[in-house]
Structure formats: C-alpha cells, structure tokens
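Undergrad: Each chain is listed here by its residues.
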Amino acid sequence: MSTVPLLETRNLNMRFGGVHATRDVNFKLSDGELRCIIGPNGAGKSTFFKQLTGQLRPTSGQVLFRGQDITGCQPHVPARLGIGIKTQVPSLFNGLSVWENVWLSACRVYPKAKALEVTRDTLERVGLSSLQNSTTGLMAHGQRQWVELAVVIAADPSLILLDEPAAGMSDQEVRRTADLILEINKSHALIVVEHDMSFIRMIAKMVTVFHQGAILTEDLPDAVMNNPTVRQVYLGKKAA
Amino acid sequence: MTAFRDSPWSAVLVMLLGVMATLAIPKWVDDFALIQITIYVVMAILAISQAFIWGFSGILCFGQASFFGLGAYTYALSVINMGESTLPVLLAIALPGLFALLLGYFMFYGRLSDVYMGVITLTVSLIFFNSVNSTAGPEWRIGNAPLGGFNGIPSIPSINYPGNPEDTLDPLAFFYLSAFSLIAIYGGLRWLISSRIGHVIVAIKENEQRATLLGFDARAFKLFAFTLGGCIAGLAGCFFANWGSFTSPTIFSLAQSAQIIVWVIVGGLGTLVGPIIGCMAIQWLTTQIGTQQTFNSNLVLGVILVVFVLLVPKGIIPSLGDVLQKLFGKKVTKGEEA
Amino acid sequence: MDRRKFIQTTAGGIAAGTAGMYGSSALAADDIKVGSIHDLSGGLDIYGKPMVDALTLAIEEQNAAGGLLGKKVALINYDSQSNMQKYTEYAQMAALKDKVAVVHGGITSASREVIRPVLTKNKTLYFYNTQYEGGVCDRNTFCTGVTPAQTVQKLIPYSMKKWGKKVYVIAADYNYGQITSQWVKKYVTEGGGSVQAIEFFPLDVTNFGPTIAKIEAAKPDFVVSALVGGAHMSFYRQWGAAGMLKKIPMASSTFSVGNEQVVLAPEECNGMVLSYNYFEKIATPQNKAFLAAFHKRFGADYPNVTELAMGTYQGFKLWAEAVKKAGSIDRVKVIEALESGISIDAPSGKVTVDGASHHCILDVSLAEVKNKKLDILQTFSQQAPSDTSAVCNLKKNPADNQQYVIKV
Amino acid sequence: MDLALIVSVQVLYAVATLVIISAGLAVIFGMMRVINLAHGEFLMLGAYSAIFATKAGINIWIAMLVVAPICVGLFGIVVERLIIRHLYGRMVDTMLATWGLSLLCVGLVTSLIGNTTSGVSTPEGNFSIGAYSVSFYTSALIVIAVLLLFAIRWVLRSTDWGLIARGTMQNPAMADVLGISPTRVYSITFAVGAALSGLAGGLLAPVSGVVPTMGASFIAKAFITVIGGGSSILAGTASASALFGLINQLATFITTPVFGEVALFIAAVVMLRMLPQGITGRFFKGSL
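Protein chains in written order, with the working numbering: chain F, 1 to 240; chain L, 1001 to 1338; chain B, 2001 to 2408; chain Z, 3001 to 3288.
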C-alpha cells in the first residue's frame, strides 16, 4: 500500500456569508478503506462531501487525491480521476432505462464491447438484471438508490463517495444496501455519509464524527458510541 | 423498445422513403412545384438543425436564424468575389460553424440557464439583423460584392459543378442536391444519436449533473452539438441564397426565428422527422395564405402555435406515435420518444 | 382525459378544413391573367393596399369596357407579407404556374430587385409602378413611377429659392434613400447651396430625439426628408412636438406616399413641400371621373389616392393600350408596342412611354401640405426621365439588364 | 453647454422609456417567472386603446393613463384565464404560447383595424433650453417613469395586496395553506402586469407611429432590461434601464441610431455573461 493516502484534506474551510460550514478539516483515507461520516444535521457533512466532489469550491484549504491537488476543480474532473459520486437525492437519467444509465457510466471508461459486458456484470452484482428495461424515472425510491449505486460502480472507480445511501429505505432494503456496500468495499474504497446509526453499525470500520463543521473524533463504531462528548452532542439528545 | 434500440430501423425506413420521394417527385410535378418543394427541403434542413440542438441536446436556441443568415451571406459574398462556387459552399458551412463555436463557448462556459440562453441567442440574431440592415451605403462592400443593407444582395450566382464555374446547376439538379443533402444529414444525425457521443449528449439533456458526476464534461459535448447545428444551418442558408439567388437582412429577423421554433413545436420536439414534416406543412400553409386574402398570415401562425402548445404539446409525430400505440396496443414501456 | 382528446380531434378537423378551403379562385381558361405582387400585411402594407385597390379598379373598368381583345382580364393577387422570400416564390408562381401575361408589383427597390431577375429569366413582362431612385435598364421591365430627375430636380430649386442654401438631409437606409440623397446633393450644389449632413435610418427606427437635436445644432435653412415606412412617421411627430416645424421648414420626396398627411395633425406637417406626378387636386376631367369611380368603388371616406396607387392605375392602362396596339398579349409584341411610344390621357395628365429607357414622360407638380390636404403650387408638363435615359438606351443595346447607380 | 444639457435630457428620456416599457414585464416575468413574448403586443393594444379613446373625445391624458391600462388589464385577465393558467411552471411552453399569442394579436389587429398607421399628436407644446427646444412631453415621460417606480414600490412594500402577491409568488403552496387562493392572486398579478404594459403603450402612442407591428421593436429591449436587471423587480429594472439607456443614447449620439441599438444589444449579451443572475444578482442584494 503506497504511503500517500488515497484522499486527504488539509485544513479545509467553507464560509457561506456568515455561516462557517467546515472549519480546518484535516481528513485522511487510505486505499480500500471504508469510512463512515456521521454527525447531527447541520454539522457540515454534506458541505464537506460537496467540497470533495468539486460541487462546492472551498473558501480555503486543499483536497488531494493520491497526492494530486483537485481543490475546486471542474465538477467532471474528480470522476475522470476515479471518484464515483452518489448524491443525496438520487440523480439519474430518468427518461432512460436502467440498462442505458449503467451503460453510459461504463462506456466512458471501457471500449464498446467491454462496456456491454461490464454493464451486464454490474447489474448482476447489484441484482437489477430483471429490471434492466424499465425506465428509471418510474421506479420506486429504494430501487432508484440501487440503480445509482450500479451506475457509480460500473465505472470501476477507486474511491466511491455515498451521500445517505440508505435514506428513505425500509429496514429490509437497508439490510440489503449494507451487504451491497460491504461487497463493493472488497474492491473499492468508500466514504459513506449517513446519520442512521443502525446502518452505520452494520457496515462501519472507522467512523468520523462531525460537529459544527469540525471533526470531533475518529474511532471504531463501538468506541464512538460510548464516547461521552459524542453521546452528549449527538446521541444524548436522541437517547433522552 | 427504448428510445435507442428502435432508432436504426425507423431511420433506415425514413431514409428509404426520402430517396424514393426524391426520385419520384421530379417525374409527376411541373417545374414550378419542383422549385416550391426545393425551398421546403432547404427549410427542412434548417428545421433539422434546430430539432437536433433543441430536441436532442436540450439547448434552447432562439437565434438559429443567425447561422442560417450567416451561411447565406457568406456564400453570396464569397461566390460573387470568387466566381467558382465550391469553396464558397464550404465557407458557408465553416464560418457559421466557427461562429457557433465562439458563441457556444461564450454561453456554455458561463453557467447560463436555458431562459438566459434563449434570450442571448435571440439578441444575437437581432444584432445581426440591425447591423446588416444598416450596410446600404456604397462603402459597405467586401471585394466587389456590396452588402446592400436593407435591399440585400440580388442575383447571386448559383452553385456550379465543381471545376467549371460556367456549368451551374439547373433547378432539377439543385433539387436533387438539396434533397439528398437533407437525407444524408438526417441519416448522419440519426447515426450520431445512436453512437456513444450521441448517447452522452442525450444523457446530458436528461440530467446534466449526473452526466458531469460520471466524468463527462457537459459543456464540451453541448458545444460540439451547438457547433454542428450551426454548420447545418449554415448549409441551409447557402442553399436558400442559391434557391432565390437573393438574400436580405430579413433572413435574420425575429419572424424567421419564430418560424423555425414553430416548425419544431408543431412537428414534434425530440424527433427529427417531426420538424421536417412540420416545416413543410407550415411553409405550404403560409404560401397558400399569401394567395388568399381571407386570413392574415400572422393570425393563422399564431393560432397554430397556441393550439399546439396547449393541446398537442408533443407535436404531430409523437402524438401520432401515441395514437398508433393505443390503437395497436403494443406493450411498450416507452419513456421518451426516439 | 376525454375532454382533451375531444379538443384534439376537433382541432385536427379545423386545420384540415381551412387547408381544404384554399382551392384556386375561379379562373376561366382563356382569361387574360394579370399578376399583382404587393405587401398587404407586415410593415409595408400602408403602401400596398392603395396600389392593389387602384389596380382592381383599373381592371374592373377595363372589363366593363368589353375586356381586352375580347377576353376578360383576371387579377391574381399575391400578398408578399413584407417578406423577400415570398416575393421570390410568388414571382416564380406567377411566371411558371399561373403564366400571367404581365406582373405589376414590388414596392421597395429591394423587392423589385428580387422579382426583376426572376421575371426576366422566365420571360414574363414586368411593370414596376413605384417612384424610385432611377437607373433600372432591363428590356423586360417598364418603370412607370417618377425618378429623382423629374421630382427632386424641381423640389430642390424651389425650396432653395424659398428658404435658403443650407440643407440637412435625412433618408431611409436602403438603396432608395442612399441614391436619392445623392441626387439631392447634386441639385443643391448645382444651385450653389451646401448639404450640411446626410443621415440614414433603418426602417424600424422610432426614436429620433438625438437626430432632432443634431439638426437644431446644424441650423440648416431647410431639411429634406426621404424617410419611408410606418415607423419613420414618428420623426414627423417628434419634429412637430419639439416645435421645429415653425423654426426649420421641410421638403420631402416620400411624404404623403403612405398617406402620412392624413394620420398626422396639421401642426405636425403643414407647410411641407412635395413633388409628385399625381395629386388628388389635379384639375383634369379624367381625374374627376377617376376620383368619382374610385370613391364609388372603395367608399367616400377613402383617405387619399396616393402617388403609388395612381402609378399602378396608369401602369395597367399603359399595358392595356400596348396590348390593343400589338393585338396580342405576346411579350415581345407588347414590348415593341410600348417602345413605339404608347401614351394615354391619365388622371395625372398625359403619360407617354419613353421607348429607349422604358420609363415614362409625365407631368410633375409641386404641392404643399395644408390641413391634411395637398395644395398644388406649380405644375411642369411632360418631364422626361433624364437621369435614366442618360445611361440606358434599350433600343441600341436591348440585352442590357442591370441597375445603373448614378455617380453624382 | 446646451448640447450637454440636451444629451442628458435625451439619456434621461431613453432611460425613462426603458423603465416604462419594461415595468409590466418586470411584474409578469420578475415576479411570476412567466416569460410573456406578447409583451410588445400588450403595448400595441395599449397604444390603440389610447388612440380610440382620444378619438372618442376623452382627454388624451385620461386616455393614456386610465383607459389604456384598464383595457389591456382586462385583456390580460382573459389571456391568463385561457392560456397562461395551464402553463405555470412550464417556462418554455409559456414562452412559445405567448409567442403564438403575439402573432395572433398582430394578425387580429391588422385584419380588424387595418394597417394604416394611426396616431395621436403629442400633447402640450415645447420649451427651449438655450438654442434647443425640448417637448414638454419628453420631460413628462421622465417624471411619469419616476412616479411609476415609486408607485410600484409603494404597492409592493406597503399594501397587503402587495405582500400577498409577493408571498404567493415565492411559495404558492404556503399561500394555499394560509387560505389565499394562488389562482386568484396569479390572475390579478398578471392583470396588473398587463395594465402596466397597456399604460406604457398609451404613453408611447403620441411619440411613435402606431402600427400593428410596432410591438416587435420594444420586445427585445424590454426583455433585456428585465433579465439584465435580475431578480428584484424595482432595483433591477431601474438599474438596468439606466445602464442600457445610457449606452444606447451615447452610442446613438456618437455614431448612428443603428449602432446605438447594436451597442445596447452587445452590452446586454456581455453583461448577461458576466452577471448571469442580472445586476441585482450581485449588487443591491435583497432590495425589492
């Protein structure tokens, strides 16, 4: 494993007018790692996520991917470097079929013939082969989340960023999503932003807790659960 | 059958019909009607350029008349100066294309929303109209071709067989040239749409953000589509200047832009065949109105546009597609029309 | 949704119905067909309507008097909708499909230059009945309208004698305005005067504020206007509003051609001096009879028979005379008849075709606008189109086919 | 010195004209996000109603300031009920439907009223500044433009209808919940926008030739002013009118009226590119 971290941020800041959304965030992720980011609403999780994907240009600080500075680059550059991005609200080609959505992602990376094969395998892997002809716009929310997952992994990115992949899902669907993410982690590093603690417990190895735009602590899930400050700030309110 | 998979068959079918029509028409039509049909075909090429950039690439361009006019003027000015028409025809494609590239870069790399793009393209065509309209003075000339301002450039030499400037195309040969160009462009666009680039362009229209997150630089693809649309419209302009051997600033006018939009809306946004049929139908209707004094042409065009936007928003062809589908009850989970 | 489906089917039905209605109008096989291409809608309709009315009256009178060579004359009307593409389409339609004997049409010089080549190529006789900048030399074309040498040549000396030598010219920005302003400059310098400035305006300009200020700064003795179209009307209105009419008098080579004197208030245009071939107040018996027939046909409140309307009326009469003399509607025979010097006693006085230049020798009068009427000041009889005949002689070289732009 | 004075009066006049012709559009597009390409024809209808009223003996000022807005306002209600109501939220379709409406109006007016240019003479006389004379009417227009801005500001800021309208536009669902019927507010707002356009038409009748096709020359400038102005209606329209009016008049003075127009359009295109959200997208943030 090369010593250079897969993804690193150096005192990343973001100010919207008066709001200081992210404060001097230093974050490191190594190859193949699965990291979860949790924190109450408004803790800066999504802002941090958008700074990584280039959707938001940071006020100051750096974002490095394999040592290469990608701070505030054009939004399509991270994807070309091998970062797969799934946004909070499923964003798909609604007018096109599931097959076409996944094929489009594959065809950017692979030549024509290989792309067809990758598309078939990816749909197989995510279990959507039976739905490949249906139009994504007309599908249920849970299914659309999985289609988006398939679209992201079809391009075989080395790092996948997922923003609340389990949002709006039934327990049984959450269970299946967790298995999927673990299976994906066999070949791809992942960062999952989520605030559903039961889901976190199913998949997490390391957890980073955000609070008011800064990293409060980074630890294994159980340790995070029992950390008094985290409880007071985050779990305490919920538990009471 | 989703939008992509059924396109090869319908494309081949339409092109076959086109070729048959092109060969049959000159046989059973007198030469006046042939000249009339030629202008319909030329305008159909313009309609296709608008259908491609708006229907498939999602670029709301209200100023397609600028490239159309630029093509006509470039051809007129260069053929008067050069005599031989082959290079002027190429120029009439390249220059509008280049202008589309510059204007497209100016707009797409500026994060403009659709509405602003519509207004800017409309304003650009007005800039062309006002500027060319005020070049009537003798000092406005390029080489020995006066720009002519409001009265335009009369008696423009027509396209000649490459090599000898004397042997110019007669109306029949010009009809064949325009018709086969239309068919070739139609085929080319359908091939492009079913190719990888085409898929990406359509995907960008569907959801630009997702396409960007997949690593496609949406701006570059849109610029490519916009430039291609500019070239096709330029060629249509060149044929238009050739057809009437005349061109004037009214080619850039608001009314010309409005007509192009009406053709695509009436014909069917999101298809290529629709606007061709819409264009020919409207052209025929406005000419008929001209010979009858009963209705005012603006009134009829206005009613058509309002009725179609309210009642038949998808245009003739897609609505026909729906009707046929309901009649024959084909079990098709059809998302967007091809 | 049933309601929507119902509307869609009826909408489809209406569209088909209107399309079906457009059969060609009733035309007997052996009628003599006369084509008329004028703008009856769009920006230039204020000129086209009176012209088509006059042509209709002329043809009805001809048919009432037994038609032409024993046949009925039928008018085929095309509305070119102030759109150049339509001019080309209809010229081709008239020449190739309807195969008319003659085409009367074209209002602006731009539209003439569109249809003239088409009609010449397709061998259809063409009459251009509008006053224009002169210089057209084409064996297949006859221009019955007045040219600068006939009108401006009278207007400028009269105005300079009356008001002074310093002139400011404003004109419509197309070849009519461009060339006519050159003629104004020629006659002003010949009369020992000086043109301070010539300003050109596209046809859709409506805000003349800055221009009026510039004219005031130049302090000319009088202004010459060659403005054209409905939008330019606002110049006269703003000129009157700024109280300039009393300070700086004005002469015009285009005013009243679109009946501007009827629309504008007297204090916005009184005192303007014009020069044309026809005014309603011309005291010839033919004119009285013509006006009576015109008002009977088109209503007593018809604003004013314009110069262009009379040009079209006389154009048709000249063509009819030539057909009678040639005894056939064959193009070449009619041209030869016309070139032999056809002349008619028209409402505007004697009008004779000048065989060499294919233009007309006719009376020209100077008139002054007074309370929406045009009072005749002076009349000059039988003025020749000296500007065009100086450069164009179709008898010597009949193959000549171009418009000479007179170098002044 | 007089020339400088005259130039400034002309610039003010041009700015005033821009404010007047785009006020109605600012309401309809600025507040309702409805792109009304028939705005030019609303102006034309306003001009014709002013002329017919004056010919029927009504005092010209009443015809312009009262009759024209009311007629076009009523027409606006009819248009909103028949066409615009079905198209809220579908911006491109509204654009096309109103374009059809504008062609339809031109055709209808041409066939009913015919095409002879009609008009009414400019009221009041003129006065002179130094060697130059300026018509009272020009200065009257400048004053009216300023009054118009303040009137709109007063209505929007300090009347409950203004508040309801602004609220509904921002969040129709919320208005519904509070018992205000958005459909009624939409039709009233559209009618007010149409009335303002009618007023503009009436005011411009005396200074321009009134023909069925006169709308075309105003539509482009009105749109550029409103879009150039940006989200907030008043500050945006005022600042954009000032900027574009100045550029137009100065270019006209230096070169010819044509290049004055071209300069205006080029300035608009460049500015839209620099400030995609319009002037008030960046400056005067949050003002009305």
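It should be emphasised that the hints constitute simulated quantities derived from the structure, not laboratory data.
One thing to keep in mind: the hints can contain errors.
What the hints assert, rightly or not - Partial list, derived from the structure: chain Z residues whose beta carbon lies under 7 Å from chain B:
no., residue
1, Ile3006
2, Ser3008
3, Tyr3088
4, Thr3110
5, Thr3122
6, Ser3133
7, Ala3151
8, Ser3208
9, Phe3259
To be verified - Some chain F residues well away from chain L (every beta-carbon gap over 10 Å; in silico):
no., residue
10, Glu33
11, Arg231
12, Val233
To be verified - When the alpha-carbon atoms are kept at most 30 Å apart in a straight line, the in silico DSS-like pairs for lysine-lysine are as follows:
no., chain 1, residue 1, chain 2, residue 2
13, B, Lys2071, B, Lys2099
14, B, Lys2281, Z, Lys3055
15, B, Lys2161, B, Lys2246
16, B, Lys2121, B, Lys2154
17, B, Lys2049, Z, Lys3055
18, B, Lys2350, L, Lys1027
19, L, Lys1027, B, Lys2370
20, B, Lys2395, Z, Lys3055
21, B, Lys2246, B, Lys2072
Beta carbons are placed, not taken as given, at the ideal position from N, Cα and C, and that holds for glycine.
Undergrad: Does each hint hold? Answer for all of them.
TA: Results of checking the hints against the structure:
1. Ile3006: holds (5 Å)
2. Ser3008: Where the cut-off is 7 Å and the nearest Cβ of chain B is about 11 Å from Ser3008(Z), the hint is violated.
3. Tyr3088: violated (17 Å)
4. Thr3110: holds (6 Å)
5. Thr3122: holds (4 Å)
6. Ser3133: holds (5 Å)
7. Ala3151: violated (25 Å)
8. Ser3208: Given a least distance of 4 Å, the restraint on Ser3208(Z) holds.
9. Phe3259: violated (11 Å)
10. Glu33: Given a closest Cβ separation of 22 Å, the condition holds.
11. Arg231: holds (36 Å)
12. Val233: holds (32 Å)
13. Lys2071(B) x Lys2099(B): Holds, at about 16 Å.
14. Lys2281(B) x Lys3055(Z): holds (27 Å)
15. Lys2161(B) x Lys2246(B): holds (18 Å)
16. Lys2121(B) x Lys2154(B): Distance of about 37 Å is beyond 30 Å: violated.
17. Lys2049(B) x Lys3055(Z): holds (24 Å)
18. Lys2350(B) x Lys1027(L): Between Lys2350(B) and Lys1027(L) the Cα gap is close to 51 Å, so the pair fails against 30 Å, i.e. violated.
19. Lys1027(L) x Lys2370(B): With Cα atoms ~63 Å apart, Lys1027(L) and Lys2370(B) exceed 30 Å; violated.
20. Lys2395(B) x Lys3055(Z): With Cα atoms ~56 Å apart, Lys2395(B) and Lys3055(Z) exceed 30 Å; violated.
21. Lys2246(B) x Lys2072(B): Judged against 30 Å, a Cα distance of about 53 Å means the pair is violated.
This entry does not satisfy hints 2, 3, 7, 9, 16, 18, 19, 20 and 21, going by the numbered hints stated previously.
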